[in-house]
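Q: Protein chains in written order, with this note's numbering: chain V, 2 to 345; chain U, 22 to 325; chain P, 9 to 264.
Accuracy of the hints is not assured; some may be wrong.
Among the chain V residues that face chain U by a calculated CB cut under 10 angstroms, a handful are [what the hints assert, rightly or not]:
#, residue
1, L50
2, L88
3, I156
4, G288
5, L289
6, R296
Covered, in the sense of this in silico footprint (three residues per stretch, anywhere, with C-beta under 8 angstroms from a C-beta of chain P), are these stretches of chain V [claimed, not checked]:
#, stretch
7, 189-201
8, 204-210
9, 216-224
Honestly, the hints are just simulated from the structure, not real lab data. The model shown is predicted, which means the values in this text are computed figures rather than measured ones. Ideal Cβ positions, reconstructed from N, Cα and C, are used throughout, including at glycine.
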Amino acid sequence: MNAFEGTLSKESGGRRWLVPALLALLVFGALPALLAGFDRGYFYQIANLALIFVLLSASMHLVTGVAGLLHLGHAAFYGVGAYTAALLTSKLGLGFTVTLPLSGVVAALLAFLVALPTMRLVSIYFAVATLAIGQMLYLVMLNWVDFTKGPNGIIVTKGFELFGVALSGRLASYYTVAVVVVLCVVAIGRLSHSYYGNALRSIREDDQCADAMGVRTVRLKMEVFTLSAFFAGVAGALWAHMTGYISPGDFKFSESILILAMVVVGGLGSLPGAIIGALLLILLPEGLRALGDFRNVMVGLVMFLSILLLPKGLLGEVSALRLVRRQLGGAWRSTGKGEGIGWR
Amino acid sequence: MIDPYYLQQLAIGLSLGMTYALMAIGFTLIFGVLNVVNFAHGEIYTLGAFAGLVLISAVAPPIVAVIFGALAVGALAGFSLERLAFKPFRRFTDEASLKSRAMRESTLLSSLAVSIVVREALEILFGSEMRSLPFDYLINTPVRIGPVILVTGDFIIFGVAAAMLIGLQYLLTRTRIGLAIRAVSNNPLGAKYVGIDTDRTIITTFVVGSMMGAAAGILMGLYYGAIFPAMGFVPGIKAFVAMVMGGLSSIPGAVVCALILGVAESMATTFVSSGWSDMVAYAFLILTLIFFPNGLFGARRERV
Amino acid sequence: MTHLLDVRNASRRFGGVQAVNDVTAHVDEGELVGLIGPNGAGKTTLFNLMSGFTPLSSGTVAFAGRTINGMKPNQVARLGVGRTFQNLRVFPNMSVFDNVSVGAVGTLPQGPAGALFGGFTKAGTERADAISRRTWEALEAVGLTHLAGELAANLPYGQRKYLEIARALAMRPRFLILDEPAAGLNDTETRALAAFIKRLHGQGLTIMLVEHDMGLVMGICQRILVLASGRKIADGPPDLIRRDPAVLEAYLGVES
Chain V
2 MNAFEGTLSK ESGGRRWLVP ALLALLVFGA LPALLAGFDR GYFYQIANLA LIFVLLSASM
62 HLVTGVAGLL HLGHAAFYGV GAYTAALLTS KLGLGFTVTL PLSGVVAALL AFLVALPTMR
122 LVSIYFAVAT LAIGQMLYLV MLNWVDFTKG PNGIIVTKGF ELFGVALSGR LASYYTVAVV
182 VVLCVVAIGR LSHSYYGNAL RSIREDDQCA DAMGVRTVRL KMEVFTLSAF FAGVAGALWA
242 HMTGYISPGD FKFSESILIL AMVVVGGLGS LPGAIIGALL LILLPEGLRA LGDFRNVMVG
302 LVMFLSILLL PKGLLGEVSA LRLVRRQLGG AWRSTGKGEG IGWR
Chain U
22 MIDPYYLQQL AIGLSLGMTY ALMAIGFTLI FGVLNVVNFA HGEIYTLGAF AGLVLISAVA
82 PPIVAVIFGA LAVGALAGFS LERLAFKPFR RFTDEASLKS RAMRESTLLS SLAVSIVVRE
142 ALEILFGSEM RSLPFDYLIN TPVRIGPVIL VTGDFIIFGV AAAMLIGLQY LLTRTRIGLA
202 IRAVSNNPLG AKYVGIDTDR TIITTFVVGS MMGAAAGILM GLYYGAIFPA MGFVPGIKAF
262 VAMVMGGLSS IPGAVVCALI LGVAESMATT FVSSGWSDMV AYAFLILTLI FFPNGLFGAR
322 RERV
Chain P
9 MTHLLDVRNA SRRFGGVQAV NDVTAHVDEG ELVGLIGPNG AGKTTLFNLM SGFTPLSSGT
69 VAFAGRTING MKPNQVARLG VGRTFQNLRV FPNMSVFDNV SVGAVGTLPQ GPAGALFGGF
129 TKAGTERADA ISRRTWEALE AVGLTHLAGE LAANLPYGQR KYLEIARALA MRPRFLILDE
189 PAAGLNDTET RALAAFIKRL HGQGLTIMLV EHDMGLVMGI CQRILVLASG RKIADGPPDL
249 IRRDPAVLEA YLGVES
């Protein structure tokens, strides 16, 4: 039965903000306090890396989990974002405030152009087309030496800043990454938990049937592909300014697979799952650093075992939707009729 | 009169194309004919090459024994791959689950996961850098034909690819097991109902296809003299491109397209640096998918 | 007066097979029309021509005065043609509520901007509320409100049928086409369905019933179109159809 509705009507207003408030406290309070306590640069790096991959995983969730388009070239759009930020910084001397949105926009524009011809392809053909496009972009990063400096990579001279005010300390960098990632994840949450999200899900479930319901399937697929590239581009800009150095190796096929594994392990279609998957696949190998080379095998093994044993992922879509509606449902409400619920 | 330079490029392209064809034959058998999405074929290829490397460095047997060793490893790998990554997700109980997207995508992901594990395990065992094979095993003694220079390996690869193609056509069209494979590929449920052991047929297909993949791997190793854990990725993509261009289920079509691809790549290096030559394959893939969804030679089976 | 649905000389050929051959038919506002014919008569093809799923080889199909030749199914749907599918196509991994909301959001589109910022603007909130209202009304119409949070895959067969109808109703269609709604139902369920369809019709909805079950069609439809071998062979009220010699020969003669 629909137990969550009953709970929802009892929980009016205030209490529903409890969980988001606790999460915000964790990301913006407890975690930085802990990092500052240890005061080791390495921990900050890990925390920032984990956050960036949370954003990548969440953006992949949107296109692969919600809309059901298997995307095997996501890392390339992440790379486009990173290269945009790096080139804007090194060639035009622009700062983070400008490069962050521009990286997203450039990645999204490119995704839009790519999507125009490929969006009509179905299932596996689309997957392979995205793989090919990802590899083409990677080849451009690797071989267009005049522009991208090829395999040598680019040094990003500027760190984080806001309208010229440098945010250079470790804690400031952490906060910058955290604020951007949390804002983007909230946006992705609103996109996937809405009627728009439902229309995307219907395309995943049965696109012909969705078409008969009036859903503009091709247009929606284009939109979601472009949006997800935008978020990947933003993640790229964060990465470029955080590490201060990027090279094509950061954006190759295996990174796309890593991001895909995060979404699959967490549960296709589940945003909390995608976040858990990202944290797991970044933090677990770091925790198991002693294993050295076994880290990458771990990614494959975790992915394989989760497909085999947990086909719905760690936190499957159905339970995730209930969780989101009950605990985090900022846009999910009751109309007062008791059972009357819907998104807003 | 054609410029000898272009003749040489053409010859290089054809031999490159033959190497892709070698990979594409086994790939098309599993992927196209059986209609399963197998992302781990590139790793079978790598495993074949490494099996050869281990054999050569351990006992230094004659080259024929090396190839048979690789074939055995390929058969074993194909069998294990099917059991690990495909069997758990296959249910022949009803039409709906057979056609469901979830099933197809879970085998796609599971074979992808297996391929990561294999590649990374090989990297741990052998290191990620290139390993070279002993010089006297290599099949690259130059042979001069008129203005064009080829190597012995070109002829061997051509011979092996031709043998594979003919053998496979014979297997598929003239033998009971081939009939079973075609029946299962056409309608798994129907095949099961008329008493074909679908499970065994699928395993056989995997074993045969993987043996071909492994043979391709060791031949390529001997041809180029270098073996490394990630070596299967690019040939895997090229084989996929050739298969899609050839119309998915047609093995001869895939071979022809592999040759076209090889020639196009070698001609492309005339105009751009060799780093860009992989671009040709990706561009071909995208263009084929968009403009020739039925492959270059038309007629593709109805498939979603 | 123009007809709500106007099919003129519609033909559709698949290779050498003339699935629909020069069919002219119409449906007026407020009618409950049945479309029957023996297996392979071209019912499904005609249906697909009317909903934009299959392009015409020749002829025209107009809905509410607009030619829908060459339109995509989603455009036809947004003009007000709702449909169900012969072999139950609900979205299995979505809740009942979410399933039905797709019908509503298909005809009242919410874009990414609406999803992101809609909650902060008046127009956006109104749009979301309208979608929500339509969804609940459709659920109420088929009596599935109590199962709104249930996963569609968990519903029994009969209820999934009603879910599919609710999803089409959430589109607020002007014209609803039901493709073999009685398939797989027993007599009691078919009678309940007949009563339900009559009730929908009574509320002013124009309905076309594509059916195999003669009893259902004869019982509730005001007018019946009969197809055989891709041609329309009869068009009239049930009692005339029952006595029509061409129908008896082509359909009942074969069937009974």
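Q: Against this structure, judge whether each hint is valid.
A: Hint check:
no., hint, in the structure
1, L50, "violated, 20 angstroms"
2, L88, "violated, 20 angstroms"
3, I156, "violated, 22 angstroms"
4, G288, "violated, 18 angstroms"
5, L289, "violated, 14 angstroms"
6, R296, "holds, 9 angstroms"
7, 189-201, "holds (count 8)"
8, 204-210, "holds (count 4)"
9, 216-224, "holds (count 4)"
In summary, the structure is inconsistent with hints 1, 2, 3, 4, 5 from the numbered list given earlier, while agreeing with the others.
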